[in-house]
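Please construct the entire structure, taking both the sequences and the accompanying hints into account.
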Amino acid sequence: MTENKMNRKNIPEIRTVEKLNLIHPEKMQLSNGIPLVVIDAGTEPVCRIDFVFEAGSRYQDKLFQASLTNQMIPEGIPGLTGGEIAEQFEFYGSFFNVSADRDEADLTIHTLEKYLEPVLVLTRKVLLEAIFPEEELEIIKANRIQSMKVDEQRVESQARKHFNQAAFGASHPYGVIGEAVDVSLIRSQDLSDFHRTAYGPRNCRILATGPNRATYIPLLEKFFGSGWDEAGNQGGLAFSDVPPVNPVGKREIRVPMDSAVQTAFRIGCPLFGRKHPDFQDLTIANTILGGYFGSRLMSNIRENKGYTYGISSHVAALRDTGFFVIGTTVGADVWEDAIVECNREMTMLGEQTIPESELIRVKNYLIGQLQRSIDGPFQLADQYRPLWMNNLDFKYLSDFMLRVNHITSAEIRILSRKYFQPEFMITVAAGPIES
Amino acid sequence: MEYTKHILDNGLTIIVHTDKSSPMVAMNILYNVGARDEDPKLTGFAHLFEHLMFGGSVNIPDFDMPLQMAGGENNAFTNNDYTNYYLTLPAQNLETAFWLESDRMLELAFSEESLAVQKKVVIEEYRQRYLNQPYGDAWLLLRALAYSAHPYRWPTIGMEIRHIEDATLSAVKTFFFSHYAPNNAILTLAGDIEPDQAIQLSEKWFGPIPSRLVPLRNLPGEPKQLSPRYQEKKGNVPGPAVYLAWHMGDRLSRNYYQNDLLSDVLSSGMSARLFLNLVKDKKLFSDIDAYITGDRDPGLFVISGRLADQVDPTEGMKAVGQELLNLIEEPVKPRELEKVLNRMESNLLFNNMNIVNKAMNLGYYQWLGNPARLSQELGIYRSVTAQELQSAAAGLFSEENCSRLVYLSNDGK
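Chains as they are written, first to last, in our numbering: chain R, 1 to 435; chain S, 1 to 413.
You may find that some hints are simply not true.
SDA-like mimics (lysine to any residue), calculated; alpha carbons at most 20 Å apart, straight line [unchecked claim]:
#1 R:K305 - S:T168
#2 R:K305 - S:S111
#3 R:K305 - S:E112
#4 R:K114 - S:L348
#5 R:K141 - R:D229
#6 S:K333 - R:E87
#7 R:K250 - R:I145
#8 S:K282 - R:P133
#9 R:K125 - R:D229
#10 S:K41 - S:E160
#11 R:K141 - R:V176
#12 R:K305 - S:G56
#13 S:K280 - R:K250
#14 S:K20 - R:T43
#15 S:K41 - S:K280
#16 R:K114 - R:A214
#17 S:K204 - R:E13
#18 R:K19 - S:A91
#19 R:K305 - R:T347
#20 S:K41 - S:I199
#21 S:K282 - R:T43
#22 R:K19 - S:T168
#23 R:K114 - S:F350
#24 S:K120 - S:T168
#25 R:K161 - R:G322
Pair by pair, the computed Cβ-Cβ distance ranges are [unchecked claim]:
#26 S:K204 - R:K19: 28 to 36 Å
#27 S:P215 - R:S373: 38 to 46 Å
#28 S:G369 - R:S373: 33 to 41 Å
#29 R:D278 - S:E315: 51 to 59 Å
#30 R:D278 - S:E232: 54 to 62 Å
These are computed hints drawn from the structure, not numbers from a lab. Remember, predicted model here, so these are calculated numbers, not experimental data. Ideal placement from N, C-alpha and C gives every residue a C-beta, glycine not left out.
Okay, here's the thing in structure tokens:
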């Protein structure tokens, strides 16, 4: 094959992907009613079990109660210290992780299938019998306060915190800013109380992922399908509703940080959750604006002006609400111009129809992303879990694929005009600036 | 893990792994050039160059846009040893990946404009990741302290911003033609692709690219460290942190595996020694970690930690010293060794589960000398004995082999 026979100038023929290779999870219930979803996928002898609880910070009475409860669950049961518990999980080469966000809290296990049974025996004990030792709590609190001090000096963290506060309200669970003193006020009893209410079987869902369902379904039934209520965790939701979003009203917020050498800013507003009729279309419009490397914002602010290492925008879904946000960190001398440019890009999407070639590119890219996002058993689980927690399923992804295929440039313009309006945005900047 | 290996006439090495469980293909290209190959007066160049690889090639004005059109996504990273580019795309658009990657191996566009913009982008990256974060420059300082001669003494981002500003287009061209050559690269494909198809497409797109004269690597060796080194740095940080480094063996030496396991004994997981003893029991650190750099040439064994409130760094370092002494004086117990080996087994398995990681790992092990080594790693780790760990610790953790960086807040706390 010689060089002159080849066409290096033009892109080889592109074929669009017609349909997604979706493995539909199977929904079932343990005999005590715990909803179980099974994703029978993968080729390696490993599995992942997610125990998900409606136990995020929106349900707490005291700041940090939810995240500290979650973090402290593996820190002690009768007869075993936190270190001994960790040692047992780690001996089996398994990964036991806890995490808590605004809506949910979870315990997630990754393990070789051959060790699943002993790992689940231990998981059951830890989940049901956590005792929240005072001494371990003091260490975790002290370390949390130390890492909060580091965060206080990071422009990105400051911009994020103040944006959430401005968008949702200073007393709203999604907007409140917790301080070191709030951490120090938490007592072991607060965690036991929250654990008793939030970590029961009636507040739990289990997601099991791996290629060998015949192994893990019976084990999950054996260890979590009974005897949980009797152990004292009465569970069940007894939470107050989240108050309505109440933005603080101020639209321009400055957080002076004298010694910083760059400025981080966020531009955005509270919006809506996944079930809103505009959510999927807005996700597509947002991709054009700032949702991928070839986005308008990246092309302008990074690739054209060189103001930043990276800039992106997101349409983020929370349980009953959501928000839109642009975020970046830029040179201290150009942040105001960068904000002007962001606003200009938003306005332009609402005023000018995007070129057909750009629309096709974004559509193909998004379909590729959809394929990537479900390529592999754990990716499937990552995609399915938030949908399931919102009582949706993979039909949501096939619907999204349809929207990507059918959305027009006119629809994108109308939607952008409706939602990407600079005058409705909250702008928070943190850096070496004046207040 | 099964693979097929083929070498083109121009020297390009091709590795193919078929995985039909994925509808995608991952393409990984490793160029055997990293920050260690830089001119000491022009550090950060390999990484800046990586940015320029996206600024258009001789026949294609933009790399990203056609790839997005084909449903693909890509990224790249540079380290001290090599530069790695990877992408994934739907299998039916595979040829687009060959078209794009072969054109930028053939020749870059060498645009002044792209260079000017990417210098600014990289300078902002430098600021964002190294200067505008508490303790962000610790690694810059630690490398310079621990190394006196070997180019590992500077980080991939560069020794100083000035070096990035000084980069010229003619240096970019020279760098390209000396290092970005088929005979200095490894192409790996994983996913929904057969070896025959991969080799045929490689012949078509990469075959016509000429071999280039790649200068022989002749790096200054790092002289043995003969006395302890110490540096104090004050900065805008909330409290003190310490960084301790010891020189260790290279990536292919048995010493690498020994030290990797020693670092796991100290800090892999929540039951590891440093966390249990120094964070939870003695409450001296708020977090602490031990790890190895894993470089091709002799690298570093590092312990870094932030002190708990009101704890003096000297006291913290003394307690670390006691932990190291324990490793030297007593063999690791069988159950503890079994634990770190089981974790290693899981890590190796979980890190090799998707097509991008498979392509990247096969390319990396080919670069080390043999892709088959990927499947042999666990066996090597499992062959390490407690006695070996003990003598490795004794050889490593000597006072004269140690560099200490103590980071303090401006107000002296």
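Structure-based check of all given hints:
Proximity of K305 (chain R) to T168 (chain S) is assessed by CA-CA distance (about 19 Å); at most 20 Å being required, the pair is judged to hold. Distance restraint check for K305 (chain R) and S111 (chain S): the Cα-Cα separation of roughly 15 Å lies within the 20 Å cut-off, and the hinted pair is therefore satisfied. Taking the CA atoms of K305 (chain R) and E112 (chain S), the gap is near 14 Å; set against the 20 Å cutoff, the hint holds. For the proposed pair K114 (chain R) and L348 (chain S), the alpha carbon gap of about 16 Å is at most 20 Å, so the pair holds.
Of the pairs offered as hints, the one joining K141 (chain R) and D229 (chain R) is violated, with about 30 Å between alpha carbons and a cut-off of 20 Å exceeded. Among the hinted pairs, K333 (chain S) with E87 (chain R) is consistent with the structure: their alpha-carbon atoms are about 13 Å apart, no more than 20 Å. Using a Cα cut-off of 20 Å, the hinted pair K250 (chain R) and I145 (chain R) is violated, with the two alpha carbons roughly 29 Å apart. Under the criterion of a C-alpha separation no larger than 20 Å, the hint pairing K282 (chain S) with P133 (chain R) is consistent with the structure, at around 17 Å.
Under the criterion of a C-alpha separation no larger than 20 Å, the hint pairing K125 (chain R) with D229 (chain R) is consistent with the structure, at around 13 Å. Straight-line distance between C-alpha atoms of K41 (chain S) and E160 (chain S) comes to about 10 Å, which keeps the hinted pair within the 20 Å bound. Among the hinted pairs, K141 (chain R) with V176 (chain R) is consistent with the structure: their alpha-carbon atoms are about 19 Å apart, no more than 20 Å. Taken as a hint, the K305 (chain R) and G56 (chain S) pair is honoured in the structure, with Cα atoms around 17 Å apart against an allowance of 20 Å.
Our distance criterion of 20 Å between C-alpha atoms is broken by K280 (chain S) and K250 (chain R), whose separation comes to about 43 Å. Pair hint K20 (chain S) plus T43 (chain R) holds up; C-alpha atoms about 11 Å apart against a cutoff of 20 Å. In summary, the hint linking K41 (chain S) to K280 (chain S) is not supported, as the alpha carbons are separated by about 45 Å, beyond the 20 Å threshold. Under the criterion of a C-alpha separation no larger than 20 Å, the hint pairing K114 (chain R) with A214 (chain R) is consistent with the structure, at around 13 Å.
Taking the CA atoms of K204 (chain S) and E13 (chain R), the gap is near 16 Å; set against the 20 Å cutoff, the hint holds. For the hint pairing K19 (chain R) with A91 (chain S), the CA-to-CA distance comes to about 13 Å; that is within 20 Å, so the pair holds. Our distance criterion of 20 Å between C-alpha atoms is met by K305 (chain R) and T347 (chain R), whose separation comes to about 19 Å. Restraint check: the Cα-Cα separation between K41 (chain S) and I199 (chain S) comes to about 40 Å, which exceeds 20 Å; the hinted pair is violated.
Restraint check: the Cα-Cα separation between K282 (chain S) and T43 (chain R) comes to about 44 Å, which exceeds 20 Å; the hinted pair is violated. Taken as a hint, the K19 (chain R) and T168 (chain S) pair is broken in the structure, with Cα atoms around 47 Å apart against an allowance of 20 Å. Taking the CA atoms of K114 (chain R) and F350 (chain S), the gap is about 15 Å. The hint holds against a cut of 20 Å. Among the hinted pairs, K120 (chain S) with T168 (chain S) is consistent with the structure: their alpha-carbon atoms are about 13 Å apart, no more than 20 Å.
Pair hint K161 (chain R) plus G322 (chain R) holds up; C-alpha atoms about 15 Å apart against a cutoff of 20 Å. Separation of K204 (chain S) from K19 (chain R) is about 29 Å and conforms to the stated range, judged on CB atoms against 28 to 36 Å. In this structure the hint that P215 (chain S) and S373 (chain R) lie 38 to 46 Å apart at CB holds, the actual value being about 43 Å. Checked against the hint of 33 to 41 Å, the C-beta distance between G369 (chain S) and S373 (chain R) comes to roughly 35 Å, which is consistent with it.
In this structure, D278 (chain R) and E315 (chain S) meet the distance hint of 51 to 59 Å, their C-beta atoms being roughly 58 Å apart. Between D278 (chain R) and E232 (chain S) the C-beta distance comes to about 56 Å, which sits within the given range of 54 to 62 Å.
The structure does not agree with the numbered hints 5, 7, 13, 15, 20, 21 and 22 stated previously, though it agrees with the rest.
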